[in-house]
Amino acid sequence: MRYRYFIPMIVLVGIVALLAYTLNRGWSTQPEDDPTYVPSPLIGKTVPAFDLAVLATPPAEPPARFTQADLKGRPAVINFFASWCVACRDEHPFLMQLAHGDQVSIIGIDYKDTPQAARRLLGEHGDPYHLILEDPEGAMGLNWGVYGIPETYLVDAHGIVRYKQVGPMTPAAWRKHFQPLLEAAR
Amino acid sequence: MKAMLYMLVLAFGLALIPAGYAQVQSVRPYIPLGAEQEARYMALLPGLRCMQCQNESLESSQAALAQDMRYKVRELIAAGDSDAQVRQYLVDRYGQYVLYKPPFQPLTWLLWLGPFGLVLLAMFVAWRVARRSRLEASSPALDEAALKRLLDETK
Numbered sequence: 002m003r004y005r006y007f008i009p010m011i012v013l014v015g016i017v018a019l020l021a022y023t024l025n026r027g028w029s030t031q032p033e034d035d036p037t038y039v040p041s042p043l044i045g046k047t048v049p050a051f052d053l054a055v056l057a058t059p060p061a062e063p064p065a066r067f068t069q070a071d072l073k074g075r076p077a078v079i080n081f082f083a084s085w086c087v088a089c090r091d092e093h094p095f096l097m098q099l100a101h102g103d104q105v106s107i108i109g110i111d112y113k114d115t116p117q118a119a120r121r122l123l124g125e126h127g128d129p130y131h132l133i134l135e136d137p138e139g140a141m142g143l144n145w146g147v148y149g150i151p152e153t154y155l156v157d158a159h160g161i162v163r164y165k166q167v168g169p170m171t172p173a174a175w176r177k178h179f180q181p182l183l184e185a186a187r
Numbered sequence: 002m003k004a005m006l007y008m009l010v011l012a013f014g015l016a017l018i019p020a021g022y023a024q025v026q027s028v029r030p031y032i033p034l035g036a037e038q039e040a041r042y043m044a045l046l047p048g049l050r051c052m053q054c055q056n057e058s059l060e061s062s063q064a065a066l067a068q069d070m071r072y073k074v075r076e077l078i079a080a081g082d083s084d085a086q087v088r089q090y091l092v093d094r095y096g097q098y099v100l101y102k103p104p105f106q107p108l109t110w111l112l113w114l115g116p117f118g119l120v121l122l123a124m125f126v127a128w129r130v131a132r133r134s135r136l137e138a139s140s141p142a143l144d145e146a147a148l149k150r151l152l153d154e155t156k
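Protein sequence lines correspond, in order, to chains F and H.
Numbering follows my numbering, with no gaps: position 50 of the first sequence is 51.
Numbering follows my numbering, with no gaps: position 121 of the second sequence is 122.
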């Protein structure tokens, strides 16, 4: 019965192991396992309303508007980016690859940026977007719960938010979270 | 003379840094609040988290997102929202993580009541231990038959 005295130590080791495991889940490649990841409360809800100017080259006067009503009918991929956003450059080549591939059309939200800077960026590195909307004040970003761009939202054909990727889009995240819904809708 | 030359080079160098690589922080019109509203605004900020920095409140953070969130709180208060409505606005968009003080609800029962449960458990264990040692101290009588059995076994 002497080993009874080891029980508290075993419990302690177990607790430490559990804490160490949960603390270090950031090593994993899943965004949900990143301890700084904040899940979006918008998932499963209707997209928040927005009404933004379309960034056109050359600039149109007055610029066309785009609202949440224009999203309806097919799934949409909405990517918040900016010319000043360094992490956005990490995902840019992959977005270009998606744009060159099959029928994925990405809507870009130019977050807290100027049209001139966005045009310059896309002129230099290529434009992966089907459509770009200007959010100079970050109003749509705030309304959508954006806290660190790049962030990419998946909205289904009924206008329901289905997924949010925080941080650069990766091929793995795309395959796992975006592709199934987009393919089902095709 | 040399210092002036350095300054000229520095000024020229700064001018070469491409404009537009910084986040645009537009100057927005100041929203005036009444004394009572201003007090509510100041009282709300420490309880709200800056989502960008995650360890700073909206009161202390100078991050761009914190400025935007503060501005939104001002806007909502100016529009006549109650404290609860302002908090709900942010929770709807950022989740309860935005609140420093989590609300008391089924999901957080363990969080709020857990410490009290642990104290009760500790008191129960302490009572058990104390009772047993008291019993042992008060009844040193041995089970002679059991002792004999044990001794016989080892023979």
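Read the hints as simulated data drawn from the structure, not as lab findings.
Only a predicted model underlies this, so the values are computations on that prediction, with no experimental measurement involved.
Check the hints yourself; a few may be wrong.
[To be verified] Calculated lysine-lysine pairs in the BS3-like style (CA-CA distance at most 27 Å, straight line):
| id | chain 1 | residue 1 | chain 2 | residue 2 |
| --- | --- | --- | --- | --- |
| 1 | F | K177 | F | K73 |
| 2 | H | K102 | F | K46 |
| 3 | H | K102 | H | K73 |
| 4 | F | K73 | F | K46 |
| 5 | F | K46 | F | K177 |
| 6 | F | K46 | H | K73 |
[Unchecked claim] Pair ranges (Cβ atoms, derived):
| id | chain 1 | residue 1 | chain 2 | residue 2 | range |
| --- | --- | --- | --- | --- | --- |
| 7 | F | A186 | H | M124 | 37 to 43 Å |
| 8 | F | A21 | H | P103 | 38 to 44 Å |
| 9 | F | Y6 | H | Q89 | 48 to 54 Å |
| 10 | F | P181 | H | T109 | 28 to 34 Å |
| 11 | F | V14 | H | A44 | 42 to 48 Å |
Idealized CB from N, CA, C, for every residue including glycine.
Against the structure, the hints:
1. Straight-line distance between C-alpha atoms of K177(F) and K73(F) comes to about 23 Å, which keeps the hinted pair within the 27 Å bound.
2. Proposed proximity of K102(H) and K46(F) is supported: the alpha carbons are some 25 Å apart, at most 27 Å.
3. Of the pairs offered as hints, the one joining K102(H) and K73(H) holds, with about 20 Å between alpha carbons and a cut-off of 27 Å not exceeded.
4. Distance hint between K73(F) and K46(F) is fulfilled; the C-alpha atoms sit about 14 Å from each other, no more than 27 Å.
5. Taking the CA atoms of K46(F) and K177(F), the gap is near 21 Å; set against the 27 Å cutoff, the hint holds.
6. Between the alpha carbons of K46(F) and K73(H) the distance comes to roughly 22 Å, so the proposed pair stays at or under 27 Å and holds.
7. Taking 37 to 43 Å as the suggested C-beta distance range, the pair A186(F) and M124(H) does not conform, at roughly 59 Å.
8. Separated by about 24 Å at the C-beta atoms, A21(F) and P103(H) break the suggested range of 38 to 44 Å.
9. Checked against the hint of 48 to 54 Å, the C-beta distance between Y6(F) and Q89(H) comes to roughly 52 Å, which is consistent with it.
10. A beta carbon spacing of about 33 Å between P181(F) and T109(H) agrees with the range 28 to 34 Å that was offered as a hint.
11. The beta-carbon spacing between V14(F) and A44(H), approximately 45 Å, falls within the hinted interval of 42 to 48 Å.
In this structure, the earlier hints numbered 7, 8 are contradicted, and the remaining ones agree with it.
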